[in-house]
Structures are given as C-alpha cells and as structure tokens.
Amino acid sequence: MERRVVFAGWLCPAVLLLPQMAVTLVFFFWPAGQAVVQSFRRGDAFGLATRFAGIENFTQLFADPNYLASFGVTALFSLSVAVLALAPGLLLAVMADRVVRGAALYKTVLLIPYAIAPAIAGVLWMFLFNPAIGVLAAGLNRAGLDWNYLLDGPQAMLLVILAAAWKQISYNFLFFLAGLQAIPPSLIEASAIDGASPRRRFWTIVFPLLAPTSFFLLVVNIVYAFFDTFGVIHNVTQGGPGQATEILVYKVWYDGVVGLDLGGSAAQSVVLMAIVVALTGIQFRFIERRVHYA
Amino acid sequence: MHPKILAGAAAAFFALAGSAAADPVELQWWHAMTAVNGDRVNQIAADFNKMQSDYKVVPVFKGSYAETMTAAIAAYRAGNAPDIVQVFEVGTATMMAAKGAIKPVYQLMADAGEPFDPSAYLPAVTAYYSTADGKMLSLPFNSSTPVVYWNKDAFKKAGLDPDTPPKTWPETFAAAKKLRAAGLNCGFTSAWVSWVQIENFSAWHNIPIGTKANGLEGADTELEINNPTVVRHVANLAEAQKDKSFDYSGRTTEPEARFLNGDCGMIQDSSAAYGLFSKSLKAPFGVTELPYYPDVKGAPQNSIIGGASLWVMGGKPAEHYKGVAKFFAYLSGIPVQVKWHEDTGYLPITKAAYAATKASGFYEQHPGTETALKQMTGKPPTENSRGLRFGNLVQIRDIIAEDLEAAFSGKESAKAAMDDAVKRGNALLRQFQRNTQ
Chain L
1 MERRVVFAGW
11 LCPAVLLLPQ
21 MAVTLVFFFW
31 PAGQAVVQSF
41 RRGDAFGLAT
51 RFAGIENFTQ
61 LFADPNYLAS
71 FGVTALFSLS
81 VAVLALAPGL
91 LLAVMADRVV
101 RGAALYKTVL
111 LIPYAIAPAI
121 AGVLWMFLFN
131 PAIGVLAAGL
141 NRAGLDWNYL
151 LDGPQAMLLV
161 ILAAAWKQIS
171 YNFLFFLAGL
181 QAIPPSLIEA
191 SAIDGASPRR
201 RFWTIVFPLL
211 APTSFFLLVV
221 NIVYAFFDTF
231 GVIHNVTQGG
241 PGQATEILVY
251 KVWYDGVVGL
261 DLGGSAAQSV
271 VLMAIVVALT
281 GIQFRFIERR
291 VHYA
Chain V
1 MHPKILAGAA
11 AAFFALAGSA
21 AADPVELQWW
31 HAMTAVNGDR
41 VNQIAADFNK
51 MQSDYKVVPV
61 FKGSYAETMT
71 AAIAAYRAGN
81 APDIVQVFEV
91 GTATMMAAKG
101 AIKPVYQLMA
111 DAGEPFDPSA
121 YLPAVTAYYS
131 TADGKMLSLP
141 FNSSTPVVYW
151 NKDAFKKAGL
161 DPDTPPKTWP
171 ETFAAAKKLR
181 AAGLNCGFTS
191 AWVSWVQIEN
201 FSAWHNIPIG
211 TKANGLEGAD
221 TELEINNPTV
231 VRHVANLAEA
241 QKDKSFDYSG
251 RTTEPEARFL
261 NGDCGMIQDS
271 SAAYGLFSKS
281 LKAPFGVTEL
291 PYYPDVKGAP
301 QNSIIGGASL
311 WVMGGKPAEH
321 YKGVAKFFAY
331 LSGIPVQVKW
341 HEDTGYLPIT
351 KAAYAATKAS
361 GFYEQHPGTE
371 TALKQMTGKP
381 PTENSRGLRF
391 GNLVQIRDII
401 AEDLEAAFSG
411 KESAKAAMDD
421 AVKRGNALLR
431 QFQRNTQ
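Taken in sequence, the protein lines are chains L and V. Counting from 1, position 90 in the first sequence corresponds to residue 90 in the numbering used here; the numbering is continuous, with no gaps. Counting from 1, position 35 in the second sequence corresponds to residue 35 in the numbering used here; the numbering is continuous, with no gaps.
It is possible that some hints are incorrect.
[What the hints assert, rightly or not] Chain L regions said to be covered by chain V (calculated; three or more residues, Cβ under 8 angstroms):
#	stretch
1	47 to 53
2	150 to 156
3	239 to 245
[As the list claims (entries may be wrong)] Across the chosen pairs, the derived CB separations fall in these ranges:
#	chain 1	residue 1	chain 2	residue 2	range
4	L	Asp146	V	Lys415	18 to 26 angstroms
5	V	Ala359	L	Ile120	45 to 53 angstroms
6	V	Gln437	L	Phe71	26 to 34 angstroms
7	L	Met273	V	Asn261	43 to 51 angstroms
8	V	Ala329	L	Pro154	51 to 59 angstroms
9	L	Ile55	V	Ala74	21 to 29 angstroms
10	L	Asp146	V	Lys50	53 to 61 angstroms
11	V	Asn261	L	Val109	30 to 38 angstroms
12	L	Arg142	V	Lys379	43 to 51 angstroms
13	L	Ile120	V	Val25	36 to 44 angstroms
14	V	Pro115	L	Ile120	45 to 53 angstroms
15	L	Ile120	V	Lys282	24 to 32 angstroms
16	L	Ile55	V	Asn227	33 to 41 angstroms
17	V	Gly333	L	Arg142	50 to 58 angstroms
No wet-lab data here; the hints were simulated from the structure. For each residue, glycine too, the CB sits at the ideal point set by N, CA and C.
Could you build all of it, start to finish, from the sequences and the hints given here?
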C-alpha cells in the first residue's frame with residue numbers, strides 16, 4: 001500500500017519548505033559563499049585596501065610547509081579521536097547492555113561527559129595534566145616520567161586526543177546502546193543454543209548488525225574531531241608546542257581572528273569545506289554500500 | 001509683569017532648555033581589562049561622568065586583547081565602531097596602517113583645542129605609540145615592562161643571600177643551579193617568553209630586533225634576532241632547561257603559577273604582575289632589574305614596554321571627538337595616573353605622575369615598585385630600545401615562541417631555531433606590507 005502523502009498543487013509544499021530553505025540559505029549557503037568570495041581577495045583587516053587576488057591565497061597556502069604539516073596533524077588527531085571514542089563507547093555499551101540491576105544509573109553516569117562543553121573538557125584535562133598545577137602531572141613527574149606537554153609535542157598530542165575522545169565516548173555509547181537493543185534477542189539466543197561463545201556471538205552477529213550505527217558514528221566522530229574540538233585545543237595547547245597540535249580548524253581561527261588575515265583564513269575554510277564534502281561523499285558512496293543494514 | 005517673576009520664568013525656561021540639551025553624548029570605550037584593572041576602568045569612567053555632564057563614557061568589556069581588537073575591526077567594517085578601543089601593543093602596526101579608520105591622538109587633541117603637551121609624557125612609554133617624528137598616535141593606557149621577581153625564602157634555603165639578587169646572566173644561571181640543588185623543581189622561569197627573552201633582551205643589550213629602528217621607521221623592516229648575542233642566550237637557556245635550572249612553563253602568563261606555588265625560585269615577568277604576587281605569594285619576594293651579559297657593550301640599556309593603548313576610531317562626529325579629547329586629558333591627569341599606577345602596578349604615563357608618586361613616599365613603602373621605571377628611564381632610549389613596530393606581530397610572537405620551544409626541547413639548535421623564526425617572521429612582515437598597501 002502506498003502511504004505517500006500527495007499534495008494537490010505545488011504552492012502548499014513550496015510554502016511549507018520555505019522556512020527550512022530560508023534558514024539553510026541564510027545560515028549555511030550565504031556564509032559559505034562569503035568565505036569563497038573572501039578567499040579570492042586580499043587586504044588589510046579594516047577592509048580599507050581590499051583587492052582581488054586570484055588564487056594567490058591558495059598558492060601561498062600550499063607553498064607553506066606549516067600548512068601542509070597541519071594536514072598530517074589533523075589526520076592523526078581525527079583518526080585517533082575517532083578510534084579512541086568509538087572503541088570504548090562500544091565496549092561500555094556492550095557491558096551496560098548486560099547489566100541487569102541499576103542499569104539506569106550506569107547509563108546516566110556514562111552519559112555525563114557528553115553534557116560537558118569541549119572547552120570545559122579541555123580545561124578539566126588541563127587541570128589534571130598541566131605541568132605547573134596539574135595533580136596527575138605532579139604524580140607523573142614523581143614517578144620519574146618527564147611530563148611537560150608544553151615542550152613535548154607527542155605528549156601534547158596525546159593529551160588533546162584523550163580530552164577530545166573522552167568527551168565523545170558518551171555520545172557513541174548512547175548510539176551503540178540503542179543499536180544493541182534493536183538487535184532481535186532471538187538471533188543471539190539461537191546462536192547461544194547452537195553453542196556459540198559470547199565472543200563469537202559478538203563478532204558474528206552483534207558487530208555486523210551494528211554496522212549501520214558504527215558507520216553513522218564514524219562519520220559523526222570524524223566531523224566532530226575536525227570541527228568541534230576547537231575548544232579543547234584552544235584551552236589546552238593553543239596548537240603548541242611548536243605546531244604539534246595545530247589542526248586545520250584551529251589554524252583557520254588563528255589566522256583569521258588573531259592574525260586578521262581574512263583572505264588566507266577564508267582560503268583555508270574553503271579547503272576545509274572541500275575536504276569535508278569529499279570525505280562525506282566517499283563515505284556515503286563507497287563505504288555505505290558495503291554496510292549491511294538490518 | 002513683575003521683573004522678578006520674569007527673571008524667574010526665564011531662569012526656569014533656561015533650566016528646562018538646559019536639561020534637554022544636557023542629554024550627554026555617549027562615548028563607547030571597548031576594553032579588555034579584568035579583575036582589579038577592570039574595576040579601575042569602570043571607576044575612571046564613572047568619575048569622569050560625574051565630573052561633567054556633557055559626555056558619558058561607557059566602558060564595555062570585550063574579552064581578551066585579541067577579541068577586543070577583532071571586535072572593534074568587525075564593528076568598523078559594519079559601520080558602528082566604538083569611539084575608543086583598547087588595543088594591545090602588538091596590534092599597534094595594524095592600527096597605524098589603517099589610515100582613515102583611526103584618528104591619531106595628536107590630531108584629536110589639536111582639533112578639539114584641548115591643551116596637550118607631548119613632552120609631559122614619559123618618552124619611554126609614548127615612543128612605542130608615536131610616529132618616528134614623535135607624533136602620538138594612541139594614548140598609552142596600561143604599560144608595563146619585564147622585571148625579575150625572586151623568592152627570598154627559596155634563596156635562603158639554597159644558601160643564597162636573600163637580599164642580593166643576581167645582577168647578570170651568568171650570576172642568574174649560577175643562582176638557578178643552586179636553587180635546583182636545594183631541591184626546588186625549577187631554578188627560574190619566564191613569562192611572555194618572546195617579549196621578555198627576545199624583544200626586551202635585545203633592547204636591554206642595545207642590539208636591534210629588526211632593521212629600520214625595529215620597524216619604527218618603515219614597514220620594510222626585517223627581523224635580526226638570529227644574531228650571535230641572542231643565539232648564545234637561547235643556547236644558554238636551552239642548556240639550563242636540561243637540568244631545569246631554567247624551566248619553560250608556557251608562552252604567556254602560565255609560568256606565574258609556578259612562581260606562586262614555590263616551584264620556581266625566580267621569574268622574569270611583567271612589572272604588572274606585582275599586584276598578583278604581593279596578594280597571593282606567601283613567601284617574601286623582591287623585585288629587581290633584568291639581568292644582562294656583562295661582555296655585551298652598552299648593556300644594560302633600557303627595557304621596552306608592553307601592555308595596551310587607547311585608539312580613537314575614525315569617522316565619528318566632531319562632538320564625539322571633543323568628548324574623547326576631554327576624557328583623554330582627564331585620564332592623563334595626575335590623580336588618575338597615580339591611582340592607576342599604585343593600584344595596578346602599571347606604569348604612569350606622565351612625568352608629573354611619576355614625580356607625584358615618588359614624592360608621596362609610595363616607593364619607599366612598597367620596595368621594588370620603582371624598579372620598572374628606573375629600568376625604563378635609566379638611559380635615554382636608542383634606536384634599538386625605543387620600541388618596536390612589526391606588522392603581524394601577534395603571529396610573529398607565536399612563531400618566536402614555537403621556535404624557542406623547539407630549541408628548549410632540544411629538537412633544534414639555538415641557531416637553527418632563530419634562523420627559522422627570522423625566515424618565517426620576515427615572510428609575515430612582507431605579507432603585512434603587501435596587504436596594507
């Protein structure tokens with residue numbers, strides 16, 4: 001039976017679509033268009049001497065070894081955050097799914113970090129690990145480890161990855177848990193009767209059936225690591241030491257807001273936009289096809 | 001009609017007209033001051049508003065220095081800039097290059113007919129914000145200079161004389177080693193690493209930071225901080241970093257926590273940190289001048305300032321400028337300046353305010369508070385120590401900090417790090433030149 005609603009004319013659907021279209025145009029397309037226009041212009045901060053610069057902003061960007069290095073940093077950061085946020089999220093969800101008594105309490109407690117803004121998460125981790133005032137940093141130093149992420153690049157990277165991933169685990173936990181509860185118990189029971197171990201049941205039944213959820217979360221986590229982690233970086237390392245933790249989105253903000261180089265910053269936004277469009281395209285075209293939807 | 005009644009009616013009429021005309025002109029003042037400093041800003045505005053009724057200065061806190069400046073620029077582009085905006089010293093070149101977007105202070109005062117004598121101001125402070133031929137572009141507001149603070153208890157513990165701080169760099173490194181040996185986690189540290197260890201280090205040793213009088217005489221300036229004196233100093237710091245007799249603790253004010261909690265026996269920091277230390281440090285401490293290398297000819301010269309100044313935005317009606325000029329005259333007055341200096345630790349901007357503070361005996365009651373002024377005014381400034389003006393200085397400072405981090409962590413040699421800072425810094429200077437022409 002066809003359950004599609006059919007409108008008599010085009011006017012009514014057009015009017016109903018209008019608010020959404022207006023919001024999209026004003027808040028997405030217009031600023032994005034502005035960024036594209038700005039990326040082809042150069043000028044002083046006040047806009048007193050702005051001129052058309054062609055692709056100068058872009059050529060300059062790709063001639064800058066620090067910008068290219070930022071790609072590597074971003075790739076390492078995003079991938080690590082995605083993995084470190086997904087794996088524990090899944091583990092916790094599987095565990096929580098099996099808890100019988102006090103399940104609501106576990107779930108609530110596990111969800112708390114998600115309610116914390118990235119900037120606050122950054123500050124919390126900084127308070128723990130700052131070499132000058134951090135409680136855990138003092139412990140690490142006493143244990144003989146030379147902990148000083150202000151000078152040690154890999155340590156700084158590790159810290160921002162942990163802070164960014166920690167915050168996202170809750171989100172992943174929630175979705176994995178919902179995904180787990182959508183799996184028909186009869187399948188698992190049947191395999192249990194056939195003598196499959198819990199481990200085998202997980203890898204051959206649960207994990208494949210969770211694929212749509214995992215796939216969705218992978219996209220969301222990478223986008224999160226790309227954009228929403230600004231607050232973490234800003235509060236913990238400011239991109240340092242050197243440029244060890246300067247991810248692309250941080251550099252956009254820095255060059256635009258601190259450096260007042262609007263053209264260069266806009267060019268970086270455009271590059272970032274292209275990357276995200278490409279990434280999403282690839283994921284949906286090639287990866288989603290292989291995902292088994294239940 | 002009785003003349004008396006007539007006079008009364010006339011008076012009433014004029015009073016009414018007067019009250020209608022007395023709707024004060026609002027002057028927006030955007031600033032980045034927090035805590036004690038923020039309170040003082042509000043108080044200064046309130047006092048000025050009470051004193052006269054033609055103008056009303058409205059202070060608005062806009063966030064960090066960078067945020068305040070960006071907000072003002074965005075507002076200018078949108079056509080509703082504030083009348084006055086506080087801009088940190090590193091933004092000076094950007095503001096200066098924005099001809100038409102700003103109203104130079106010397107011109108503002110002349111147009112408004114407000115009495116204004118540039119020679120009444122401390123040249124070590126105003127030179128930073130003036131053209132090469134001495135015309136004041138913005139009004140210095142909060143200015144400070146780096147000094148050394150030392151923890152007297154830590155000195156005692158290390159067997160050092162708590163009343164004799166090290167004078168030279170070799171003495172500083174030696175004292176720092178003793179502090180480490182006595183069990184401190186760090187000998188000394190430095191806040192604002194580029195400002196203190198590179199910019200002020202150079203001025204203090206009378207060597208150029210960049211060509212063209214550190215950029216004061218032209219935007220076609222180039223950095224020169226890869227000279228042997230600076231490179232040797234960076235190498236010494238990197239060497240001391242190995243045994244933590246010097247311990248790098250962050251780019252701006254983060255290291256202050258380590259002096260406050262007794263981790264570090266000495267810190268080189270802004271003179272404006274005095275208030276913080278005297279309020280929150282339990283141990284007694286002293287303030288002294290920056291160390292120098294005795295074998296460098298001409299050292300010590302004088303140190304240079306940091307902080308922020310007040311810029312007047314362009315394109316405002318004449319009556320606004322009249323009010324701003326009046327406010328600036330009030331702000332430069334002795335009582336306001338003395339109170340500002342004593343409460344916040346920032347430097348006074350006029351000679352008269354300095355003299356008045358001295359005469360009041362404040363410096364005897366608070367030993368060390370005069371150090372910054374002595375250090376700045378000890379010698380007449382040279383080309384190398386008048387100040388500096390580099391476009392994109394915000395980023396250049398970060399580049400210098402990044403390269404210092406590379407040197408301190410042993411990833412790069414001091415020479416390679418400074419060469420890299422010069423190379424990347426010069427690229428930004430050229431970019432600024434291109435963008436503003």
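Exercise for the section: Return the numbers of the hints above that this structure violates; sort them in rising order. Expected result: none
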